[in-house]
Amino acid sequence: MPHVRLDEVTKVFRPRSRRDSPVTAVDRVSLDIERGEVFAVIGYSGAGKSTLVRLINGLEPVTSGVVEIDGVPISALPARALRRQQQGIGMIFQRFHLLRSRTVAKNVAYPLEVVGTPRAEREARVAELLEFVGLAQKAAAYPEQLSGGQQQRVGIARALAAKPSLLLADEATSALDPETTAEVLDLLGRVNRELGVTVVVITHEMEVVAQVADRVAVMDAGRVVEHGSTYEVFTAPQTPTAQRFVRTVVRALPEGEELAALRAAHEGRFFTISFSDAGASEARVFGALARAGVDFNLVHGGVDDIRGRVYGLLTIAVRGPEEAVAAALAQVGPGVQITETGR
Amino acid sequence: MSELLEIAPELAVQTGIMLQIVGLGMLIGGAGGLVVGTGLYVTRHGGILAQPVLFWLLNLVVNTFRPIPFIIFMAAIQPLARLVVGTGIGNPAAIFAISLAATFGIARIVEQNLVSVDPGVIEAARAMGAGPWRIIRTVVLPEALGPLVLGYTFAVIAVVDMSAVAGLLGGTGLGNYAITYGYRQFDDLITWSALVVIVVIVQLVQLLGNVLARRVLRR
Ligand SMILES: Nc1ncnc2c1ncn2[C@@H]1O[C@H](COP(=O)(O)OP(=O)(O)OP(=O)(O)O)[C@@H](O)[C@H]1O
Ligand SMILES: [Mg+2]
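From first to last, the protein sequence lines are chains H and G.
Counting along the first sequence from 1, when you hit position 112 you're at 112 in the working numbering, and nothing is skipped either side.
Counting along the second sequence from 1, when you hit position 201 you're at 201 in the working numbering, and nothing is skipped either side.
Among the hints, erroneous ones may be present.
List time: in silico SDA-like cross-link candidates among lysine to any residue, alpha-carbon distance up to 25 Å [what the hints assert, rightly or not]:
id	chain 1	residue 1	chain 2	residue 2
1	H	K106	G	V115
2	H	K106	G	R218
3	H	K163	G	E123
4	H	K163	G	R134
5	H	K106	G	T64
6	H	K138	G	I122
7	H	K106	G	L212
8	H	K106	G	V211
On the chain G side, residues computed to face chain H include the following (Cβ under 8 Å) [to be verified]:
id	residue
9	G129
10	G131
11	V199
12	V200
Everything labelled a hint here was simulated from the structure, so no lab data went into it.
Here the structure is a predicted model, which means the values were calculated and not measured.
All C-beta atoms, glycine included, are put in the ideal place defined by N, C-alpha and C.
Given only the sequences and the hints, what does the whole structure look like? Please build it.
Right, dumping it as structure tokens:
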């Protein structure tokens, strides 16, 4: 049984006034999120990502369709039962949403108060959580005395307090600088690996997906237009939306004017080389060309690390006799696709 | 100087009465305002217990009674005072009128301060499975505490102002003392002494409110 199952989930917001039209924020979305995975949802602003997570933890009622958590139809529960389910789902936010009237320790204790944990047990659990997120010495501080990254770590500690099996992160790193983002993503990775918590990450940044997600769904105008393993989506995006996101991190092949400019700057035939892990690397390609005495240079592209797997997409300009080039390319070996770039 | 010593005992008695009227008015009106203001806040559109009809009703009542000048309100409310506290005159009637007027005034102050609480933290509490009452108690009110303290300080001063006209219903207190024995009998010493005492009390209340608010807001 998947941890989270969405079946034809739709959310329509009724218009505020008669002149406006209703907004379909989430449109017939079906997804399975497996226990213990890190699942990312990526999309542009207004795609419906936040609405989707809010449907998953029942903060917003669905218009139609079913949301199941561990087989429990969360979208059909009465208020009290829903609240009990929500106590088993953690959530963190872009702007942290910590209580300013409470210290760090009391913020982390809040969900434990909600579930009625006795005081002594609560204090022990809070200490343990602050240790886990590396903020033990900040227990008595107030949120405004912390940096953004520290506040988000408090948010994570708070979200984990009641031992949820599912953690929802809505743009959890969007208000943070790149270095702090990396720290927080690291922490989410630890939450997933060390505590076995299923993590759903909402983002509009492909770097975030590349760093933490096992699988990713791409949303556009309320629909999930594409989903698959992060590696698949990165190396072979199917839809224009996914391609645009992938291009923000993986440099795509040069086209049009860019290609013309490259051709003007470099002599020789252009080849596109793409390879993924399984032993292939740019060194093997370059080595084979060098051994054959073929003159070449790299004109475009690069090698990326996607969830620890290598993905390279390079364009090279090659000069030399046609047979020598062909022979050299033939020696490169398996796992590497080489095609001549069209004019 | 000897004249001042002569009026001092009465000044003290009347100050005590005023403090009693203001204290009771604030206690009852403050509690009433908290309930009605919180009611307005939770029942409004998009509120945690959204109830359009109830909101409309509360809003109508507050909007109707709040703008009435207190001196007229007090006179008009006399029959109701007779019904509730058993008498239409004297300090009990004045306290009743003040409590009611303060309820409406404070309700708006409370509502405005609660509205300014970041909806994000309420969303966070909801996400943790907290129910509406718990959210009001442990999130909304504590998060708004600083501005609430300042709002209540402001209300104390307004209630001191109201208490000055208690004499209209045959009530007593510092205001009545200043008007009846000072102003009407051309005794400037009484008028000015009462005024100084009121100013000092108001200053002290304001100071206390500021200190408390700074404590709560930690700045
Ligand atoms: N409570 C609401 N009432 C009416 N419309 C809403 C509401 N919440 C969201 N919407 C609309 O639903 C659509 C999707 O919004 P949503 O917040 O889910 O997008 P998002 O992908 O999270 O965007 P962002 O990246 O900007 O956070 C938008 O058109 C938005 O205006
Ligand atoms: Mg959003």
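Tested hints:
1. About 23 Å separates the Cα atoms of K106 of chain H and V115 of chain G, which keeps this hinted pair within 25 Å; it holds.
2. For the hint linking K106 of chain H to R218 of chain G, the alpha-carbon distance of about 16 Å falls within 25 Å, and the restraint holds.
3. Straight-line distance between C-alpha atoms of K163 of chain H and E123 of chain G comes to about 19 Å, which keeps the hinted pair within the 25 Å bound.
4. About 21 Å separates the Cα atoms of K163 of chain H and R134 of chain G, which keeps this hinted pair within 25 Å; it holds.
5. Our distance criterion of 25 Å between C-alpha atoms is broken by K106 of chain H and T64 of chain G, whose separation comes to about 42 Å.
6. A threshold of 25 Å between alpha carbons decides the hint, and for K138 of chain H with I122 of chain G the separation of about 24 Å falls inside it, so the pair holds.
7. Restraint check for K106 of chain H and L212 of chain G: the C-alpha separation of about 21 Å stays at or below 25 Å, so the hint holds.
8. Taken as a hint, the K106 of chain H and V211 of chain G pair is honoured in the structure, with Cα atoms around 24 Å apart against an allowance of 25 Å.
9. Here the hint on G129 of chain G is kept, as its CB sits about 4 Å from the closest CB of chain H, short of 8 Å.
10. Residue-level restraint check for G131 of chain G holds (minimum Cβ-Cβ distance to chain H is 6 Å; threshold 8 Å).
11. For V199 of chain G, the suggested interface contact is broken, since its CB lies about 33 Å from the closest CB of chain H, more than 8 Å.
12. The criterion of a C-beta within 8 Å of any C-beta in chain H is not met by V200 of chain G, whose closest approach is roughly 32 Å, and the hint is violated.
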